[in-house]
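Given chain H, put chain L in place with the hints provided.
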Amino acid sequence: MPADHVTASEAQAIDWIVRQRAPDFADWDGFADRLAEDPGHAEIYDALASLDLDLDALPPAAPSVSPANDRAENDRGMPRRWWLGGAVAAAIVGVVALPSLDLSDGRDVIQTAAGEHRTITLADGSRIEINGGSTLRLDKDRPRFARLESGEAMFHVVHRTDSPFVVETGGTQIIDLGTAFNVVRADNRTAVAVSEGVVLYSPDRSKLRLVAGQAIDARDGDTQPPRIRLVDTATVGGWRSGLLVYDGAALQTVADDLKRTAGISVQIDPSASRLSFRGTLVVDKASDRTVADLAALSGAKAERRGDGWVVSR
Amino acid sequence: MAFRNKFRMTEANERSDAAHGIEGVLLANRDRIIRFLTVRGAGDAAEDLFQDLWMRLTERHSGPVADPLSYVMRAANNLMLDRYRSVRQSQLRDKAWGEASAVQKPGAEAVLISREQLAMTERAIAATGDRPAYIFRRFRFDGVLQRDIAAEMGISISTVEADLRKVYAALAAVRRQFDAG
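First to last, the sequence lines map onto chains H and L. Going by our numbering, the first residue of the first sequence is number 3, and it counts up by one from there. Going by our numbering, the first residue of the second sequence is number 262, and it counts up by one from there.
So that you can see chain H by itself, here it is in the shape it has in the complex (with noise of 0.2 Å):
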């Protein structure tokens, strides 16, 4: 697998790079002998190395590297949920053809396991990513449509003004107008993020016009719209990437992500349901990682259970 393959390189560039900062590291040969291992390994290091050196242009003082930057966004006081990362997805994304399953009705139902992500390609070129645990609907009768049934999928659309592309999801249908965007949709809960350009989420009820940068929330059976809030662009849709960037989020929404895109079960217990998440989850193969982050940033504990995980105070 490509994706291991690229985050074993960068674990073991990391470890080079901490190492070497040390006065009187010396073990020059050692490091010779492991990226004499593969030639991509030298090209990984430089490209980290490289970025490390570019810190030095980061402002000098402690208070910069706190989370005071986030904080004009936060101000509301809302919980809010952030993705960070954008695209491994060369990596981890398998590149599939359009499946043509359930011709009968003409349609193309796409469904990915959890862990799974695919990228399809339409006729128009349009790119839809979708995470695991989702299932997507085509209609060969309309190629600039599609429906989010379930689960996660970021879709960068080729806009032509003749023919909006529509997304439809729960009740309500996104339209975009020039747009890359990320729509998760789970339990009665429809969330759109946009990253480029416009979309019009709704168009029969809310009408609302979201542009890069802003985002909703919206519950099934909601009377009023949902509220607009602001979102980092560049970690709409980070379940592309390896990692999972939260500001306060509920427990269980964590899990429902981890479950999406890393197929890691984690069971959140009555007892840890009230509690909610800061922090940046690393989702790689280590499970017990990125579980036990999670729980000891939140203050609970985590257990081993069958094939996952349960997280209780």
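Honestly, the hints are just simulated from the structure, not real lab data. Treat the hints with care, since some could be wrong.
As the list claims (entries may be wrong) - Facing chain H, according to a computed beta carbon distance under 7 Å, are these residues of chain L, among others: (1) F297; (2) Y345; (3) E383; (4) G390; (5) A430; (6) R436.
Each residue gets a CB set at the ideal place from its N, CA and C atoms; glycine is no exception.
For chain L alone, kept in the frame of chain H given last:
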């Protein structure tokens, strides 16, 4: 395998040649350094880069060095990193990202990421949590050793190490994102 044999041979010379200063170290460890440069990404250009390294070190060198071989190897590593950065910089210039650079300085001193990317990096560091971000800052910017940070904060070295890894993992993720964007 051939490399290994070679550098075992040169290892024997290392101590006696240390006395001859940097030139002596470079000469005595020529094969070892060339092997390092080769695997470090120089490939066939390793011999040429050895010459560059020679020029760098013999021109610049001043004062005694505690561990001359490590000093030379570190310089070889920096040479390769500078090389990577100058190639990268011209690629970025071609892409016309140059004007977006956070700080414009000539040559290898230039910052290769944009202001926006720098800000994203900073946010990613902050998002790892207060303690990891603090530890990273002490380690990376204040140059405090891991064991000293551990002592300072009354935590174990392995905790310090785990936090550093966490921050670097976040940086790695951010970097992938830059590449993808």
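Consistency of the hints with the structure:
{"no.": "1", "hint": "F297", "in the structure": "holds, 5 Å"}
{"no.": "2", "hint": "Y345", "in the structure": "holds, 4 Å"}
{"no.": "3", "hint": "E383", "in the structure": "holds, 6 Å"}
{"no.": "4", "hint": "G390", "in the structure": "holds, 5 Å"}
{"no.": "5", "hint": "A430", "in the structure": "holds, 5 Å"}
{"no.": "6", "hint": "R436", "in the structure": "holds, 5 Å"}
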